[in-house]
Amino acid sequence: MKQSCSMRDQRFPPELKTWLYAQGSLTQQLTDVAGGVFKVQPLQEHYQRMTLIDSQWMKMPYQHTSWVRESYLYGCDAQPWVKAKSIFPILSIHRKARLFKHIRNQPIGKFLFQRTTPLCERRVLKLADGWTRQSCYTWHGCKFIVQETFLPAFEQFLQQQMNSK
1 MKQSCSMRDQ RFPPELKTWL YAQGSLTQQL TDVAGGVFKV QPLQEHYQRM
51 TLIDSQWMKM PYQHTSWVRE SYLYGCDAQP WVKAKSIFPI LSIHRKARLF
101 KHIRNQPIGK FLFQRTTPLC ERRVLKLADG WTRQSCYTWH GCKFIVQETF
151 LPAFEQFLQQ QMNSK
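Residue numbers (full-length UniProt numbering): 1 to 165.
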């Protein structure tokens, strides 16, 4: 997995660093830390033009449309832990990745990591909502981006866990 970072590591909240760079299924990792509790709340699904930055990262034509899924991911708290945004270029959604259009409130990770380890390039940045990891996956020949922003409720949960040890 290739990784890059737009900010220096020392600026990360220490409890988030492991999560920002973790490999594998975030779905499984959140489920594990929450004692088996996990829920996806879809917010919206829509078509939009790809941004120049995203299209360049995926090496896709800028003028292409993408299908976007936005959702909240919950652990064992009432507040969402992660704001997720997945960007599927139309070229990928017409191939094997089309199954992601029909998963409703199921996590993408359930399918993405099932019997496979997709190629992944990662970048970490600070967005308005919080520290974010963006992963560009290549899965069965399809490229797409999964963006996961760790929200304040998750940081608080991690801090409480660290303080209780």
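Accuracy of the hints is not assured; some may be wrong.
What the hints assert, rightly or not - Computed cross-link-like contacts, BS3-like style, restricted to lysine-lysine with a CA-CA straight-line distance of at most 27 Å:
| no. | residue 1 | residue 2 |
| --- | --- | --- |
| 1 | K101 | K59 |
| 2 | K126 | K59 |
| 3 | K96 | K126 |
| 4 | K96 | K39 |
| 5 | K59 | K39 |
Said to hold, decoys possible - Derived CB-CB ranges, DEER-like:
| no. | residue 1 | residue 2 | range |
| --- | --- | --- | --- |
| 6 | Y62 | A22 | 28 to 36 Å |
| 7 | K17 | E70 | 19 to 27 Å |
| 8 | T138 | Q159 | 15 to 23 Å |
| 9 | I53 | Q29 | 34 to 42 Å |
| 10 | S164 | H64 | 45 to 53 Å |
| 11 | R98 | Y62 | 19 to 27 Å |
| 12 | P61 | G36 | 36 to 44 Å |
| 13 | Q79 | K17 | 27 to 35 Å |
| 14 | A22 | T138 | 25 to 33 Å |
| 15 | T116 | K59 | 18 to 26 Å |
| 16 | Y21 | Q41 | 31 to 39 Å |
| 17 | T116 | Q79 | 30 to 38 Å |
In case anyone wonders, no lab produced these hints; they're calculated from the structure.
Every residue gets a Cβ at the ideal spot worked out from N, C-alpha and C, and that includes glycine.
Outcome of the hint check:
1. K101 / K59: Since the Cα atoms of K101 and K59 sit roughly 22 Å apart, the hinted pair holds (cutoff 27 Å).
2. K126 / K59: The hint holds at about 23 Å.
3. K96 / K126: 31 Å, violated
4. K96 / K39: Roughly 24 Å between the alpha carbons, so the hint for K96 and K39 holds.
5. K59 / K39: 32 Å, violated
6. Y62 / A22: 28 to 36 Å: The hint (28 to 36 Å, Cβ to Cβ) holds, given that Y62 and A22 are roughly 31 Å apart.
7. K17 / E70: 19 to 27 Å: 25 Å, holds
8. T138 / Q159: 15 to 23 Å: With Cβ atoms ~35 Å apart, the hint is violated.
9. I53 / Q29: 34 to 42 Å: Violated: the Cβ-Cβ distance is about 27 Å, outside 34 to 42 Å.
10. S164 / H64: 45 to 53 Å: 48 Å, holds
11. R98 / Y62: 19 to 27 Å: 22 Å, holds
12. P61 / G36: 36 to 44 Å: Check passed, 42 Å falls within 36 to 44 Å.
13. Q79 / K17: 27 to 35 Å: 21 Å, violated
14. A22 / T138: 25 to 33 Å: 19 Å Cβ-Cβ, so the 25 to 33 Å window is violated.
15. T116 / K59: 18 to 26 Å: For K59 against T116, whose Cβ atoms are near 21 Å apart, the range 18 to 26 Å holds.
16. Y21 / Q41: 31 to 39 Å: Roughly 26 Å apart at Cβ, these two residues miss the hinted range, so it is violated.
17. T116 / Q79: 30 to 38 Å: About 32 Å separates the Cβ atoms of T116 and Q79, which means 30 to 38 Å holds.
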